[in-house]
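Generate coordinates for the entire structure from the input sequences, incorporating the hints supplied.
There are 4 protein chains.
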Amino acid sequence: MDKVIRMVEDGEYCIDTLHQSHAVQKALKESDAVILENHMHTCMADAIKKGNDTMVIKEVMEILKRQK
Amino acid sequence: MDKVIRMVEDGEYCIDTLHQSHAVQKALKESDAVILENHMHTCMADAIKKGNDTMVIKEVMEILKRQK
Amino acid sequence: MDKVIRMVEDGEYCIDTLHQSHAVQKALKESDAVILENHMHTCMADAIKKGNDTMVIKEVMEILKRQK
Amino acid sequence: MDKVIRMVEDGEYCIDTLHQSHAVQKALKESDAVILENHMHTCMADAIKKGNDTMVIKEVMEILKRQK
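Protein chains in written order, with this note's numbering: chain A, 1 to 68; chain B, 1 to 68; chain C, 1 to 68; chain D, 1 to 68.
It should be emphasised that the hints constitute simulated quantities derived from the structure, not laboratory data.
Each hint should be verified, as a subset may be incorrect.
It does not matter which identical chain is used: a pair holds within one copy or between any two.
[Claimed, not checked] Straight-line Cα separation of at most 25 angstroms, DMTMM-like style, residue types lysine to aspartate or glutamate; simulated pairs: (1) Lys65 with Glu12; (2) Lys3 with Glu62; (3) Lys58 with Glu37; (4) Lys65 with Glu37; (5) Lys50 with Glu12.
Written out as structure tokens, the structure is:
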């Protein structure tokens, strides 16, 4: 991330800056997937077992709709 | 969808064809969200309540990873 | 596309329907990339060579912003 | 970005961490769009005016394909 900002400030070739920015976004998406999977196995599964399906599913759907 | 194919065949202005294609993709994404939310409320919640968390969560995560 | 609609109507397993829907979206994205690349080589390059950069670039950027 | 990392380390509620991560990705996408538009107006337009269409268009298409 700091590298992306430095590249913009240094006036590096746009295409290289874009590739670096996408690398950061890809890394964030991968960590999001890990966090989301973990959330489903813990908070979401617990809530569903307690019968609180509506709220947890709504939360996850909001996250997914934003991603698009 | 048929409109997208016809626009390509008719050699319509590329930009218009792309806007039409995105409209189709947007409609599919919206219907995907409805299907996924419904899946979570039914199959996924049922499986989790029966203790079969692993398999249903894996399935959903595979869908989400593909979307990106 | 027709297959996606038929799968929803037939009440097929949600996850299978979602995979089919993504296959359609992937195909559309691939054809979009071909159309866009072709557009850049023809209309966009011609316009830029005639000095009409602003309008063609604005059009392409609008397409790209919508895709996100 | 540092906030996302700190949130993960501090064990904050997954959903909040995901919202923060998406905010970072959205900001990066917006800055990408500015960089890309600027690139089209400068490097890309210059190259096309000099007849070097193939290489600049290929570069931009590679960026766009990666984003999907």
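Verification of the hints:
1. In this homomeric assembly, Lys65 and Glu12 come within 25 angstroms of each other (Cα to Cα) only across copies, at 21 angstroms, whereas the closest approach inside a single copy is 34 angstroms.
2. Within a single copy, Lys3 and Glu62 get their C-alpha atoms only as close as 31 angstroms, which misses the 25 angstroms cut-off; across copies the closest is 21 angstroms, which meets it.
3. Taking CA atoms no more than 25 angstroms apart as the test, Lys58 paired with Glu37 passes in both settings, with 16 angstroms inside one copy and 8 angstroms between copies.
4. Taking the closest pair of Cα atoms, Lys65 and Glu37 come within 25 angstroms of each other both inside a single copy (16 angstroms) and across two copies (11 angstroms).
5. With identical chains, the CA atoms of Lys50 and Glu12 are at most 25 angstroms apart between copies only, with a shortest distance of 22 angstroms across copies and 54 angstroms within one.
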